[in-house]
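Protein chains in written order, with the working numbering: chain B, 67 to 217; chain V, 4 to 367.
Derived from the structure by calculation, the hints contain no laboratory data. Any given hint might turn out to be false.
In silico SDA-like links for lysine to any residue, alpha-carbon gap of 20 Å or less [what the hints assert, rightly or not]:
(1) V/263 with B/85
(2) V/285 with B/100
(3) V/16 with V/47
(4) V/16 with B/121
(5) V/16 with B/195
(6) V/263 with B/121
(7) V/51 with B/195
(8) V/285 with B/150
(9) V/263 with B/195
(10) V/285 with B/188
(11) V/285 with B/195
(12) V/192 with V/151
(13) V/285 with B/142
(14) V/263 with B/166
Coverage of chain B stretches by chain V, computed from C-beta distances (three or more under 8 Å per stretch; other residues unrestricted) [what the hints assert, rightly or not]:
(15) 115–121
(16) 127–135
(17) 146–157
Some chain V residues judged to face chain B by a derived CB distance under 10 Å, without partners named [to be verified]:
(18) 40
(19) 44
(20) 128
(21) 153
(22) 241
(23) 242
Predicted model, so just to flag it, every value in this text is computed and none were measured. From the three backbone atoms N, C-alpha and C, an ideal C-beta is built for every residue, glycine too.
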Amino acid sequence: MSGLEGIPVHIQSAPRAVASGNTQAILAELETALQALLETGREHSIDLRSLPLLPGELDYLQHTLGTGEVRVEVDALGKSEVQETAFRGIWWVTHCNTADDVMAEFIEVSFCPDIIRAQSDDVRESLDALSVRLAGEPVSNQNCRGEGEPL
Amino acid sequence: MNRRLTVAEQLAKQGVSRRAFLKFCAAAASLMALPPGMAPAIAEALGKRTRPSVIWLSFQECTGCTESLTRSHTATVESLIFDMISLDYHHTLMAASGEAAELARKQAMEQAGYLVLVDGSIPTKDGGIYSAIAGVTNLQMLKETLENAAAVVSIGTCAAYGGIPKADPNPTGAKSVQALMDEGLVPRKPVINVPGCPPIPTVITGVLAHYLTFGEIPELDNLGRPTMFFGDSIHDRCYRRPFYDQGKFAKTFDDEGARKGWCLFELGCKGPTTHNACATTKWNNGTSFPIESGHGCIGCSEPDFWDAGSFYSALSMPTTPLDLAAGAAVAGAAIGVGVALANRSKKGAAKSAHQSAGLADLEK
Chain B
67 MSGLEGIPVH IQSAPRAVAS GNTQAILAEL ETALQALLET GREHSIDLRS LPLLPGELDY
127 LQHTLGTGEV RVEVDALGKS EVQETAFRGI WWVTHCNTAD DVMAEFIEVS FCPDIIRAQS
187 DDVRESLDAL SVRLAGEPVS NQNCRGEGEP L
Chain V
4 MNRRLTVAEQ LAKQGVSRRA FLKFCAAAAS LMALPPGMAP AIAEALGKRT RPSVIWLSFQ
64 ECTGCTESLT RSHTATVESL IFDMISLDYH HTLMAASGEA AELARKQAME QAGYLVLVDG
124 SIPTKDGGIY SAIAGVTNLQ MLKETLENAA AVVSIGTCAA YGGIPKADPN PTGAKSVQAL
184 MDEGLVPRKP VINVPGCPPI PTVITGVLAH YLTFGEIPEL DNLGRPTMFF GDSIHDRCYR
244 RPFYDQGKFA KTFDDEGARK GWCLFELGCK GPTTHNACAT TKWNNGTSFP IESGHGCIGC
304 SEPDFWDAGS FYSALSMPTT PLDLAAGAAV AGAAIGVGVA LANRSKKGAA KSAHQSAGLA
364 DLEK
């Protein structure tokens, strides 16, 4: 055997950040969606998993949309990351499972993605739980820093 | 029997918050290839549905479909879906064995309306004796189990179309679930075909999730496949499609075109005639799919793909004139035993001399 360097094959890196018909179409869709958000308040979402995108195209999109002011990490059934892009109102949302594999990836157009907002059923349960605690708990400073048991 | 919990109740019992449920529904919409705007509808539907009982029957198969499903990696969605169904019988996965296992199937069958999943084809020759479980032939077991079923999902190309057991000369008289119904050998029930050898794991779970969520059969194509996953051909969704349109083709697996990722049509890619979700859903947790790894599609989600000629013969009818492809197809058809043997030795010679192997060398 002459060693690996004897084999006349070299790795060509995957193209980085490629603009293509796909990426232009997505950007145009986002433009329309932003306009609709302003005019009618209608939210929009693009499922990146449903498109035949290549890594280079995803990089291009990420690069073009950039990074904005808000980054939220949600810990629900695994991590979710909500990153506002440089275009305010366009959010890059990545849902991971408990093993940190990406389950779904969306570009959302909204004033605030739903996943960040507390849901009214959860708020109702919180209210009940807090009321029970206030009624039944002896006064103690132990949990005053928010380290109490979760629901 | 206890009242079955609705899916939402089941999740709440596991301490899943509404926010997490919302995330689950968004991921489920993606999994089911539904528009993201459907997530609230999914949440609403799951609030009403109860956990259905599922009986999984494995017949003439290689267990590849079960492997595909159990080795899928988007753990949270899949595991939640499997928490949502009550998988009462699966002879590979269940802890019980022997008579206890068969008893579990019989008990699950007492309450009508369960879902039957089948992987593997069913032998019919010589009274179906070529495959039996606990002394019961596959044909008999399918007949019994379908009696009170709500619907059946044929998982994999074998159950959907006969697959490799049915390939020429089909020694066991293997048939698909649909074929048996058409011949009146088993009770007729709604059938969803989820072909593939194996099917993409997220497609299996996506189809199940759709049924669980909406309680109905999704829209099917003329071969009984859900259009949400099988509506487009591999070719139409392929990232190499622009090269096809430009007439840029790889001629061998190691030429300039192959290195540049050009279209694999002339190397026998069956993408234009194959309907599946590989090009978008991809495999191994969304890593890639065969064409992205440099090999043409073999058409495993289509009926009789094993007998449809060599995997390395170009499809005979390109939509634009391609002299080379036509030539390759003619060469493929003309190859006899002698030529095949000659090619085999040529392939061996090429290998030992470390030369490039061409299309003809790969022919059977």
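Do the hints match the structure? See the list:
1. V/263 with B/85: Status holds; Cα separation ~17 Å.
2. V/285 with B/100: Outside the cut-off at roughly 30 Å; violated.
3. V/16 with V/47: holds (17 Å)
4. V/16 with B/121: Not OK: residue 16 of chain V and residue 121 of chain B at ~39 Å, beyond 20 Å, violated.
5. V/16 with B/195: holds (16 Å)
6. V/263 with B/121: holds (16 Å)
7. V/51 with B/195: violated (25 Å)
8. V/285 with B/150: violated (27 Å)
9. V/263 with B/195: violated (61 Å)
10. V/285 with B/188: violated (36 Å)
11. V/285 with B/195: Status violated; Cα separation ~44 Å.
12. V/192 with V/151: holds (9 Å)
13. V/285 with B/142: violated (26 Å)
14. V/263 with B/166: Violated: residue 263 of chain V and residue 166 of chain B sit about 33 Å apart, past 20 Å.
15. 115–121: This one holds; 6 residues, not fewer than the three required, reach chain V with a Cβ under 8 Å.
16. 127–135: Answer violated; 0 residues pass the 8 Å Cβ test.
17. 146–157: Check failed, 1 qualifying residues.
18. 40: Constraint on residue 40 of chain V satisfied, holds at 6 Å.
19. 44: Interface hint status for residue 44 of chain V: violated (14 Å vs cutoff 10 Å).
20. 128: Where the cut-off is 10 Å and the nearest Cβ of chain B is about 42 Å from residue 128 of chain V, the hint is violated.
21. 153: violated (28 Å)
22. 241: holds (7 Å)
23. 242: Constraint on residue 242 of chain V satisfied, holds at 5 Å.
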